[in-house]
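Undergrad: Residue-level listing of the chains:
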Amino acid sequence: MIRYLFWSIFTLILLFNYSIETKILEDIQHVSAIGYDYVDEDRIKGTAAAPFYPAGIDVQPLNAFFTAVGHTVLDILQKQQMESQRRLATGRLQNFLISKDLAKHGVAELTDPLARSTDIGRDVYMAVVDGSVEELLTFKYPNAPTSAQYLSDFMERNLKDIVPQPTVHAFLDQYGGFAQDPFLPIIGKKDDHIQYKGLALFKDDLYVGELSNKESYVFKLFYEKTKTGTYEIRFKNKKYIATENIRSKVKYKVSGSQDNPRVSVHVSVIGEVKDASSVLMKGNTMKEVEQEWSKETTKRAEKMMRKFQELKIDPLGIGEKVRSHFRNFDKEAWKDRYPTVPVEFYMKVRIVNTGITE
Amino acid sequence: MLPLPPESRKVSPFFVFYLIVAAQFGLGVFSFQRYIVKAVGNDAWIAVIIAGLSIHIVLWMIYQILNKGTNDITVIHKELFGKGLGGLLSLALIVYLLTLAVSVFRSYIELIQVWIFPQLETWYMALILSSLVYVYVIGGFRVVVGICFLSFILTTPIFFIMLEFPLRHVHFSHLLPILDHTAVEFLSASKKMAYSLTGFETLFFFYPFIKNAPSSQKWVHYGAAFSTFSYLVIMIVSLMYFTKAQLLESIWPTLTIWKIADFPFLERFEFMGLSLWLFNALNSVCIFIWAGTRGLKQLFTVKQKHSLIFVIIMTAVVAVLLKNREQIEQLNTVMGLVSLYVIYAYIPFLFFYQMIKSKMRRTS
Chain A
1 MIRYLFWSIF
11 TLILLFNYSI
21 ETKILEDIQH
31 VSAIGYDYVD
41 EDRIKGTAAA
51 PFYPAGIDVQ
61 PLNAFFTAVG
71 HTVLDILQKQ
81 QMESQRRLAT
91 GRLQNFLISK
101 DLAKHGVAEL
111 TDPLARSTDI
121 GRDVYMAVVD
131 GSVEELLTFK
141 YPNAPTSAQY
151 LSDFMERNLK
161 DIVPQPTVHA
171 FLDQYGGFAQ
181 DPFLPIIGKK
191 DDHIQYKGLA
201 LFKDDLYVGE
211 LSNKESYVFK
221 LFYEKTKTGT
231 YEIRFKNKKY
241 IATENIRSKV
251 KYKVSGSQDN
261 PRVSVHVSVI
271 GEVKDASSVL
281 MKGNTMKEVE
291 QEWSKETTKR
301 AEKMMRKFQE
311 LKIDPLGIGE
321 KVRSHFRNFD
331 KEAWKDRYPT
341 VPVEFYMKVR
351 IVNTGITE
Chain B
1 MLPLPPESRK
11 VSPFFVFYLI
21 VAAQFGLGVF
31 SFQRYIVKAV
41 GNDAWIAVII
51 AGLSIHIVLW
61 MIYQILNKGT
71 NDITVIHKEL
81 FGKGLGGLLS
91 LALIVYLLTL
101 AVSVFRSYIE
111 LIQVWIFPQL
121 ETWYMALILS
131 SLVYVYVIGG
141 FRVVVGICFL
151 SFILTTPIFF
161 IMLEFPLRHV
171 HFSHLLPILD
181 HTAVEFLSAS
191 KKMAYSLTGF
201 ETLFFFYPFI
211 KNAPSSQKWV
221 HYGAAFSTFS
231 YLVIMIVSLM
241 YFTKAQLLES
251 IWPTLTIWKI
261 ADFPFLERFE
271 FMGLSLWLFN
281 ALNSVCIFIW
291 AGTRGLKQLF
301 TVKQKHSLIF
311 VIIMTAVVAV
321 LLKNREQIEQ
331 LNTVMGLVSL
341 YVIYAYIPFL
351 FFYQMIKSKM
361 RRTS
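Here the protein sequences line up with chains A and B, keeping their order.
For the first sequence, position 261 (counting from the first letter as 1) is numbered 261 according to the working numbering, and the numbering increases by one without interruption.
For the second sequence, position 179 (counting from the first letter as 1) is numbered 179 according to the working numbering, and the numbering increases by one without interruption.
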């Protein structure tokens, strides 16, 4: 008897004290892209794209945007909440945008909630927007039902071939670690499309410079293993040849002593010729194309490296490679030494085919 | 001498494997990285191996003690130190195990509160958990073994499958240069690691419940090796996946790693993983509480059911009293220190004391 009494009281307690707020999928509105613009010294403007799915079968989502000005990300989210028809949930956030103006003033305050929140995933894509984030997000693009969908497709399926994965995890890791400085893709609105414009370079959390989209191909090539990338080579007699990277590998070699380190970067590329109008692709010419390709790319890489060293930033993660090479590594000394460390680039190219014509 | 449990209550020797894994491989796997990385940075995985090997030596000692005593620790204590001091030592060990249970109990509730349901009240979850613990422990030792086995087959495959996701984003260079720290640093890191591997002291209590107990020693070593291996693997993966600064910042690096898993049907894996880890928390709590109440029964000849109800209520009450992260962290730090003394001071002491005493008895 006592046992039954006990368990019934137990059940009643559990039933009546259930205090967890339910979040039913149909009753919440998912924020799929969020972006921030610079307003003034301590205020930012946040724009959240949270497409609304009306009831019914086979309905198209409606574009829905909420804009608010505030001091912190959460403050803005709360203000956005006051406008939306349903509870905003950030659990399915896919894109996180920062305007270039804001990036120049530091992004640490924006990324802290990303690291802290349990809602937001670590595979959210980040990008810097050239121009106004609000304009980019709220524009009605003709090629997608909602701007958020266009943006997430663009970031996830397209951009991943062009730049090293710009996820929140990568950014936070690079920002937190000493050995590397973060970088993010720059996107912008071009007429009625979104366009990739280059790579934004950060020093700690400040935007300090950028690479053009052409340079960013070279950056990716020297940064990680790739399987994509089209290059244009200026051949003799002002003829242009387009080649494509089939697969490439990169290897960093550190030599010398800790006080006098030398870094060399070796890339080997297997490529094919895509477009060579009016140049006959045969034995010797092929060799020349290979040489020309390698020469041009390493020249660009050296120029890029000079830029990095002038800005005292290390997006390639050379610091990490050097750290892992030496014992008892002195981090402070490395920071001063970095701008003068000689970095050499080598590229080995092998063209394996020229398409289906000679 | 107290009677040994009947044959029908005993389990086969190989089940000890699951018991040891259950006791060692619990919630520690979510958060142990940062404490070790703080001491030795990129060499943290070596500290895991050092701690793991030292645990094997301690386990060997435990078996020597128990094989000679042929009963559980309360009886051995009584034989070695007399009723008064022996009883006190047994009680201290019981309190230690029950405090471990509280620490796991509260840590799990905290995980649920931080990661899934911030509105969840501690007492509510404590009520659910404690009733679950009651239901399992009241079934006796064999049911506790059952839940350990169940938890093993439910959680370990998932644990290893989940490593596939971070492996796509690892930087091997984070591990280099190997052995870049001093012996003192390694020692302090291994000390931190030992707390994650604690829990095998329950062996002192369930030893008489194993059929042909001396033959179970190899399974204990396999179990300890398995948990060390699991810790080692996740340590290496987190070292390669995070930079050191990130690893020091995140409170639960393993769960942060799980955040990147992305299935077409499941946006976020860590919620499911955490719910599944209930089994892992539950089996540790069950073993600790079972061992504690078993000890109380041996000491005071109270019915295990009555002491169980008392212990569970106490566990829940203490868990509710621990209000925030700081207090939980404090409890864990204190328990880490205590477990260090238990593992590396008390058990070797007992081993040598028993050896000397039996030698003296033989010569006299």
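Careful: at least some of the hints might be erroneous.
Here are the computed distance ranges between Cβ atoms for each label pair [claimed, not checked]:
(1) B:L266 x A:Q81: 20 to 30 Å
(2) B:E326 x A:R327: 30 to 40 Å
(3) B:L266 x A:F52: 16 to 26 Å
(4) B:I49 x A:I24: 22 to 32 Å
(5) A:G106 x B:I313: 45 to 55 Å
(6) B:I313 x A:E332: 52 to 62 Å
Straight-line Cα separation of at most 30 Å, DSS-like style, residue types lysine-lysine; simulated pairs [unchecked claim]:
(7) B:K303 x A:K203
(8) A:K214 x A:K79
(9) A:K100 x A:K299
(10) A:K236 x A:K203
(11) A:K249 x B:K218
(12) A:K225 x B:K244
(13) A:K203 x A:K160
(14) B:K244 x A:K307
Listed next, the stretches of chain A that the computed footprint assigns to chain B, with coverage defined by at least 3 CB atoms under 8 Å from CB atoms of chain B [what the hints assert, rightly or not]:
(15) 12-21
(16) 116-128
Everything labelled a hint here was simulated from the structure, so no lab data went into it.
Computed from a predicted structure; not experimentally measured.
Even for Gly, the Cβ is constructed at its ideal location relative to N, Cα and C.
Undergrad: Against this structure, judge whether each hint is valid.
TA: Hint check:
Checked against the hint of 20 to 30 Å, the pair L266 (chain B) and Q81 (chain A) passes, with Cβ atoms roughly 26 Å apart. At about 37 Å, the CB distance of E326 (chain B) to R327 (chain A) agrees with the hint of 30 to 40 Å. One distance hint, 16 to 26 Å for the beta-carbon pair L266 (chain B) and F52 (chain A), holds here, with the actual separation near 24 Å. With their beta carbons about 48 Å apart, I49 (chain B) and I24 (chain A) fall outside the hinted range of 22 to 32 Å.
For the pair G106 (chain A) and I313 (chain B), the beta carbons lie near 52 Å from each other, so the given range of 45 to 55 Å is met. For the hinted restraint 52 to 62 Å between I313 (chain B) and E332 (chain A), the CB-CB distance of approximately 55 Å keeps it satisfied. Our distance criterion of 30 Å between C-alpha atoms is broken by K303 (chain B) and K203 (chain A), whose separation comes to about 67 Å. Note on K214 (chain A) and K79 (chain A): the hinted pairing is violated, with a Cα-Cα distance of about 40 Å set against a maximum of 30 Å.
Annotation: proposed proximity of K100 (chain A) to K299 (chain A) holds, straight-line Cα distance about 28 Å (limit 30 Å). Distance hint between K236 (chain A) and K203 (chain A) is unfulfilled; the C-alpha atoms sit about 39 Å from each other, more than 30 Å. Taken as a hint, the K249 (chain A) and K218 (chain B) pair is broken in the structure, with Cα atoms around 46 Å apart against an allowance of 30 Å. Between K225 (chain A) and K244 (chain B), the direct Cα distance comes to roughly 23 Å. Compliance with the 30 Å bound is thereby established for this hinted pair.
Our distance criterion of 30 Å between C-alpha atoms is met by K203 (chain A) and K160 (chain A), whose separation comes to about 23 Å. Between the alpha carbons of K244 (chain B) and K307 (chain A) the distance comes to roughly 27 Å, so the proposed pair stays at or under 30 Å and holds. Against chain B, the region 12-21 of chain A contributes 7 residues with a C-beta closer than 8 Å to a partner C-beta. That satisfies the three-residue criterion, and the hint holds. Coverage of the region 116-128 of chain A by chain B holds in this model, with 4 residues showing a Cβ closer than 8 Å to a Cβ of that chain against a need of three.
Hint compliance for this structure: hints 4, 7, 8, 10 and 11 are broken, all remaining hints hold.
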